[in-house]
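There are 4 protein chains.
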Amino acid sequence: MPIELSYSPEVTALIERTREFVHGEILPVEDRHGGDIAAAGGDTLRVRMQRAAKQAGVFAPHAPVEYGGLGLNMSDRAPVFEAAGYSLFGPTALNIAAPDEGNVHLLAHIASPEQQARYLAPLAAGDIRSAFAMTEPAPGAGSDPSALRTRAARSGGEWRIDGQKWFITGADGAGFFIVMARTSGEPGSRGGATMFLVPADTPGVRVGRHIGTLDRAMIGGHCEVEFTDVTVPDSAVLGEVDRGFDYAQVRLGPARMTHVMRWLGAACRAHDVAVDLVAHREGFGQRLGDLGMIQKMVADNEIDIAATRALLVRACWELDEGLRASDSTSIAKTFAAEAIFRIVDRSVQMAGARGVCEDLPLARLSREVRPFRIYDGPSEVHRWAIAKRRVGAAKRADAESSGRK
Amino acid sequence: MPIELSYSPEVTALIERTREFVHGEILPVEDRHGGDIAAAGGDTLRVRMQRAAKQAGVFAPHAPVEYGGLGLNMSDRAPVFEAAGYSLFGPTALNIAAPDEGNVHLLAHIASPEQQARYLAPLAAGDIRSAFAMTEPAPGAGSDPSALRTRAARSGGEWRIDGQKWFITGADGAGFFIVMARTSGEPGSRGGATMFLVPADTPGVRVGRHIGTLDRAMIGGHCEVEFTDVTVPDSAVLGEVDRGFDYAQVRLGPARMTHVMRWLGAACRAHDVAVDLVAHREGFGQRLGDLGMIQKMVADNEIDIAATRALLVRACWELDEGLRASDSTSIAKTFAAEAIFRIVDRSVQMAGARGVCEDLPLARLSREVRPFRIYDGPSEVHRWAIAKRRVGAAKRADAESSGRK
Amino acid sequence: MPIELSYSPEVTALIERTREFVHGEILPVEDRHGGDIAAAGGDTLRVRMQRAAKQAGVFAPHAPVEYGGLGLNMSDRAPVFEAAGYSLFGPTALNIAAPDEGNVHLLAHIASPEQQARYLAPLAAGDIRSAFAMTEPAPGAGSDPSALRTRAARSGGEWRIDGQKWFITGADGAGFFIVMARTSGEPGSRGGATMFLVPADTPGVRVGRHIGTLDRAMIGGHCEVEFTDVTVPDSAVLGEVDRGFDYAQVRLGPARMTHVMRWLGAACRAHDVAVDLVAHREGFGQRLGDLGMIQKMVADNEIDIAATRALLVRACWELDEGLRASDSTSIAKTFAAEAIFRIVDRSVQMAGARGVCEDLPLARLSREVRPFRIYDGPSEVHRWAIAKRRVGAAKRADAESSGRK
Amino acid sequence: MPIELSYSPEVTALIERTREFVHGEILPVEDRHGGDIAAAGGDTLRVRMQRAAKQAGVFAPHAPVEYGGLGLNMSDRAPVFEAAGYSLFGPTALNIAAPDEGNVHLLAHIASPEQQARYLAPLAAGDIRSAFAMTEPAPGAGSDPSALRTRAARSGGEWRIDGQKWFITGADGAGFFIVMARTSGEPGSRGGATMFLVPADTPGVRVGRHIGTLDRAMIGGHCEVEFTDVTVPDSAVLGEVDRGFDYAQVRLGPARMTHVMRWLGAACRAHDVAVDLVAHREGFGQRLGDLGMIQKMVADNEIDIAATRALLVRACWELDEGLRASDSTSIAKTFAAEAIFRIVDRSVQMAGARGVCEDLPLARLSREVRPFRIYDGPSEVHRWAIAKRRVGAAKRADAESSGRK
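So the protein sequences, as listed, match chains A, B, C and D.
Each residue of the first sequence is one higher than the one before, counting from 1215 in the working numbering.
Each residue of the second sequence is one higher than the one before, counting from 1215 in the working numbering.
Each residue of the third sequence is one higher than the one before, counting from 1215 in the working numbering.
Each residue of the fourth sequence is one higher than the one before, counting from 1215 in the working numbering.
Incorrect hints may appear among the rest.
Pairs count within a copy or across copies, as identical chains cannot be separated in the list.
Mimicking EDC-like on lysine to aspartate or glutamate, the simulated pairs with C-alpha atoms at most 16 angstroms apart in a straight line are [stated by the list, open to error]:
no.	residue 1	residue 2
1	LYS1602	ASP1358
2	LYS1609	ASP1486
3	LYS1602	ASP1514
4	LYS1602	ASP1490
5	LYS1602	ASP1541
6	LYS1268	GLU1239
7	LYS1268	GLU1234
Honestly, the hints are just simulated from the structure, not real lab data.
Pulled out of the complex, with its shape left as it was, chain A reads as follows (with noise of 0.2 angstroms):
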């Protein structure tokens, strides 16, 4: 993997880090409890690999300096992130398991210095989790955001909230809530939504039951919210009242860019299992490894490992230089998620009847990736929006071209 080769010699470093830190240390543990993080101990688990991971030099590689992250910018989160998605466990060792990892961003560029006192600094740390409360049962907000019935309404210097939320990852145990609520308009209508840092133990915040999910190689699982006359000051805005869909925004892009990232290393591993495997299995009279169809899906893999990593590559550059990256990030999030699917399919197949045991690690990996297709935007909306903004353009071009005659 010579991408490495552009890095410079300091991440190149923290790379060969990770790596040796998630083979060494991490691995184990996820495959002696079948990455099950919920039965191999949850919180007090996530505690004690994340003291490691400080030992080890490689804790929260995307924080800032300042609140005892390295700093990395997205170019250089990239071959990190993918290090430590090589386990399922990797990510929560690191402190970049999703939605903290996001959150982490988010308030590094939208809280104000109080609010990073309070929440980025000790979110930062591992001292606590957090959770991003976006989503709502149907008729709400989902993959059409303009959906949302979450209200804020103002009076006496005091918000109230009211709503209900549904997939709320990380919300048994999080330590705050940083919840988007509507603050104009109406549901259907775009109109404005403000996002609130709300702490967990806030009168009328109410986690409720886990949603059973393909995957489960989340703490704090995938949980309803209801927030029910929950009331907090002013101070609880993030940001500005009404520019909550552009701070999504802000969080979405590379949050879904390092979504991939860690996928992508959950991807590599079943490649790598699986070849490993071909390797060194006979049938039919030849290595398996040998076999046409069988070099067909190890060079698929390979094909799409590649193209993965080259996108993610070109939207990584894009963030970096300040652009909004729309449509770069779009395009990465979806070849991505298809890509990583059939990159674990692959290798599933691969191995026969042993890539559908718990034996091996591929059965899970095949379910935990499958629902990356579907979050933070299925497929189809992503490629929705992407045309949409192609023919946009093609039709305001010839309308441009008409306009000059």
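We have chain A already, so just place chains B, C and D on it with the hints.
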């Protein structure tokens, strides 16, 4: 689904009864227990469901009439088994789940009258379960049966069987095993194999651990089974000595097709659940089901369902005509396994986040159908066999026409 | 290809005769002229080939017996047309090429005895050719027939037809046109259309340029045709006034299927040529046909061929039963057009550089089959129709069950 | 297309100039002649276009500065060649068409000063054309170069070359040939090959027929060429004796990438034409470009374009770093050839019947790009090479770790 138009009135009525039975009595049980048949009661549940199936007049449609079945040929089984497979528990309720269904078929064709009385009668009636012990841990028999290592040696009018089996579906709780053992030749050369009927309580038979897999809708697990100095009389030989590989083909062709029928039913359920959801949900100002990218998935599912059914019709017709049907069953199995996977995968995607949640059956169906691209011969092995025959024919055609000149 | 096993001895013999005729007398002509039927002689060649087909007893298998045909139903046409389509010139030789074949079908069902005597008799006999003038240049009738702009107005016992048509296959040299013209309503609304029988020498009929396309195996081109003040009597109305859209369906369902049959034959030829090549060529120290990646392509072709045939069997059966067969013909057409494209594309790939050369028929077959994914309704329009029916049924099912409560 | 953001101002300006030149001066010529460069004037047209390119300051961007070129490295060539490839005639106009472009590259790296003066100087200036004579008719050198059969024997200070070549692009009218001939070993064993510079008028050189192919945008055809008793002096040896296979790699890696750049430009044109069409056409009561299934095709094209560009960036960077880049060029070539094919195919489909007509450039682009999945190594050969390296590494890793124990 006008395919029934070509079935006799009796079969048409049976299809309808099966649908009503499965929708009314079985699906609710499956959904209540999240598709986990062991958690739902295992054999206790099985007995209860089979009693209900008998009362509903839909029990054992495949079994010979003299053993209490309905005696359907392959062509007529197709729609009935599909209707049963609509619920993951349906095949168990009708006593047509793997491996019992295939074993009934095998015993009906190969077993002696005494063997039929002792094994087929209670199996067809649902009084006992059975297992088919062929697959072995690497480097033994798997996709390549010639690697068979379990041996049976004859001495003093008895056979002594020794070997390790792996991935033996339904082993835990089975009343007897059909054991495939090498009786001539060496692993790697084809040589000769023989099938033995071995009661589960025979000394030396040890059922080991359940191998955890993506699929969980079978009773009795996929197990490791050891045969150590297992001694059986000549009367335990099924059919003739050294003809085991031939008999395996007798079992495999039809068993592949009944697998397709059942899984096609499961795929149809996934499709129905997803279509029902998109027909009633709104997003982006429209019914989801009226959005073009969703319409594409709906139509692709319809096409895959229709093509799978059409290939089944063809292969079953050949089998009923007494043909070997090597190509048509390999083609139908390969296409179907991949089509069924695609159908369920698209259904998950159409449902968005709900598609990966356990609140709907889609997530579990996506787990359950994945292994079918590997079980009963991975797609790659079937493709290899199909191509070998076709290219071989082209080589021979040329040799012949050269010979003629 | 044991599919014939289910055909009557007469049909089986006809299939065999057709194969021999096409291989022995037609393929050599096609290959000598690189598949360019115009360059090979156009109508002169057609007349000569049709005379040979009559002598071989394979002429006009689809036409009514009273008009000199063999009167086959749709199910029996399938293997015969496929055998004819094995050569690009075969359908012309048998007088079953588009659009004449579909026009024979239409006239046999809708035309009056006088119209049959005047138009169907010579058409079925190959004495004249015909064209079906429906498609119009944008924004007129195309995939969306309701956009029809050509108008026919009645006055004084006569009809005056005005409009522009586009992509009218076989127009140059046709003896008559079946013209679709609007007789009520406005473009965009469905309204009513009527079909008119218009001799080619009627004043005001002008056949314009041949539109160059990827496919070139048709006689008479895909042409622009103008109808200016074309006046015809009442007796030129085919069937009833304002029922043209219905009659188009009568023509289209079967015409789609006969298209599939013919192109499937072409795809089979591509496959045979490629398999023959890889069965005899060596590379990398092996027969190419024994390499896994080639085997995969061979097997995928076999699967696509079998699935196309199986879907044809289904759709033809429905049509022969007198069913509307909207879904089954849309499904078969969409699957087949894409499968046929894949088969030819894989055949090209298997043959390597020779696959893109004119020395073999593969390159021209790849050109010829591409448009079929667009002709007779693009895949997208068929998918839209399939999904609309399915999702519509789900909406209604819910509405009904709500109504019942 | 913000990819230019990372290019130097000089290169950015060159890209822009190239676009303007190609749109303003070359595309109209291509479209007027339906993309048939021979019909449009062949070498006469070439000379005229190259003069215009010189005036526009966009000529020979790849050639060394000392030979009148712009001296771009691979990374900078990518966007410039893509802009040139937007027209099928663009590469010829800029003197960067195959095979001359690759031959310039090869001569710049391997040729002696005398050879450069005699061959490279006029080639870079567009005064002559050249051909690369490696491929042979079966069973000679093709995808598997070790099958090389053309021989060169040395006697009396001279070399005598004998052999048949096939598919030699640009042979008709070439000023000289670079001939690959076996100088040691036997066909099937790798042995040694040597490259010779052979003026076209050398006795014994005979250019035979043009092989008709799907693509027609090259000058000088794909020809059969015979070398019979062709005698050349020692000074005709390019580089060193027996190092021809190594030099072929020097040429092939970059040549693959420049092929990708050019064809990517062609694919972008197809996409632009199709998007422009669907952005302005209506059907089914909507802009076609707002229909979901069309949006899917638009987005998939955008994704394929972005991924191809991203993989090019990666491979060019490696080549500019002096790396061998076997994997990255094989991956980029394989992905790109298939992506470019898909892009053009979807563009055809979006345009409907117009997509297969010669009125738009889509039909001819679909013909032109198809062979690229075969030329420069079929996808299967690249996949085989990628997998062999990857599986080989896994075998070695295991052997090493075993060795260490």
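Could you tell me which of the numbered hints above are not met by this structure, giving the numbers in increasing order? The structure breaks none of the hints.
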